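Combine the two chains into a complex, taking the hints into account.
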Amino acid sequence: AQSVTQLGSHVSVSEGALVLLRCNYSSSVPPYLFWYVQYPNQGLQLLLKYTTGATLVKGINGFEAEFKKSETSFHLTKPSAHMSDAAEYFCAVKFQTGANNLFFGTGTRLTVIP
Amino acid sequence: NAGVTQTPKFRVLKTGQSMTLLCAQDMNHEYMYWYRQDPGMGLRLIHYSVGEGTTAKGEVPDGYNVSRLKKQNFLLGLESAAPSQTSVYFCASSPGTGSYHYGYTFGSGTRLTVV
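Protein chains in written order, with the numbering used here: chain A, 2 to 115; chain B, 37 to 151.
Extracted from the complex, chain B is given alone in its bound form (with noise of 0.2 Å):
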């Protein structure tokens, strides 16, 4: 049972180059998010999908990009990457809204660092 999985764990770009971060679920999962963190703010929501083929923006998503073409993926895309986006992102999958938020499951992280 994986849970949630992300590739890569570790990164370094430089200024101005592109990437792709991808997370997988293998739980069947509605909803996936896009959190970043930095130290002494917490997380901080970039992007969230409530389905295939949904996204939408979140606290601070500028700079970012996503999709969600399968129901088990998420992908967050950095077009040109700055060294203001030097942080570790995780993803996270819920089941969905109802009566009951059951909280999310997260992925390990990637450490990503933009010289």
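Just chain A, same shape as in the assembly (with noise of 0.2 Å):
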């Protein structure tokens, strides 16, 4: 079955240090990958996305994410956490058979203390 999972429902970094999301998705055709952040009483933001080509994808904000097909892997890494990365991210995954819309792992809330 075609899934998408998050590892940890909670993240707590200290601020400069590395912030590493987990996102493993389960499909026998790669899919096309996605990473949203949503900010308190907002809605979702684009981070970055991966289709085709480059791996390694760099989105806004300093983050980036590497695609691993023989790990079916797509984590979301930054190097250096700033306080205003506090939030919640979703990873997100368009499969390239069955239905045309994305399906949305259940979310990681990063929390980065001073």
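Because the hints were derived from the structure by calculation, they are not lab data. All figures in this text were calculated on a predicted structure; none of them were measured in a lab. Just so it is clear, CB atoms sit at the ideal spot from N, CA and C, and this is done for glycine as well. Some clues are possibly wrong.
Taking beta-carbon pairs under 8 Å as the criterion, some of the chain B residues facing chain A (in silico) [what the hints assert, rightly or not]:
| id | residue |
| --- | --- |
| 1 | 46 |
| 2 | 76 |
| 3 | 78 |
| 4 | 79 |
| 5 | 81 |
| 6 | 84 |
| 7 | 87 |
| 8 | 96 |
| 9 | 97 |
| 10 | 100 |
| 11 | 139 |
| 12 | 140 |
| 13 | 142 |
| 14 | 143 |
| 15 | 144 |
Structure below.
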């Protein structure tokens, strides 16, 4: 079955530390992959996406993610956390077969400790 | 450039009441979607539309109806609200299908409480 999984519903990091948010998918065909960020009481904003081409993609606010087909993963990273990064992050997947819509993970809430 | 606009932003309903949530986009997008967001469950697709006059069921369609009479508008209706429909509702739009999927543009959400 096709699915998307985010490991860790809550992640805490110190300001200046590495941010690593995990996302894995289950699909026989590599899907299109997205990361969205949601700040409190706001809608979701696209951080970055992978469709084809280079497997390391850079997004806004210093975030990047690497598509690893062998690990069926698309983890989100940022070298140095900033207080303004505190938000909820959603991994989303568009499977290349089946319904033409995004499937979202359950989200990871990032807390940045000063 | 408004993007995706949702109205209302907040609403409290009594059980059994009906209401309509309006979503409007000004980007000439073909596809539109309604999601609900609940704690620990991420976003779940309620209904979607791939063009004017078309609608389709998503993952959790029960208790909701939709209409897309105009390309720019996508309405979500609750005929008889239940407490289980207390949620934050998001509308989104996208250009459509093709070799690349450009991701969605989201509205700011409607927080609905059913008492």
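For each hint, the structure was consulted:
| no. | hint | result |
| --- | --- | --- |
| 1 | 46 | violated (10 Å) |
| 2 | 76 | holds (6 Å) |
| 3 | 78 | holds (4 Å) |
| 4 | 79 | holds (4 Å) |
| 5 | 81 | holds (6 Å) |
| 6 | 84 | holds (6 Å) |
| 7 | 87 | violated (12 Å) |
| 8 | 96 | violated (13 Å) |
| 9 | 97 | violated (13 Å) |
| 10 | 100 | violated (15 Å) |
| 11 | 139 | holds (5 Å) |
| 12 | 140 | holds (6 Å) |
| 13 | 142 | holds (4 Å) |
| 14 | 143 | holds (6 Å) |
| 15 | 144 | holds (5 Å) |
In summary, the structure is inconsistent with hints 1, 7, 8, 9, 10 from the numbered list given earlier, while agreeing with the others.
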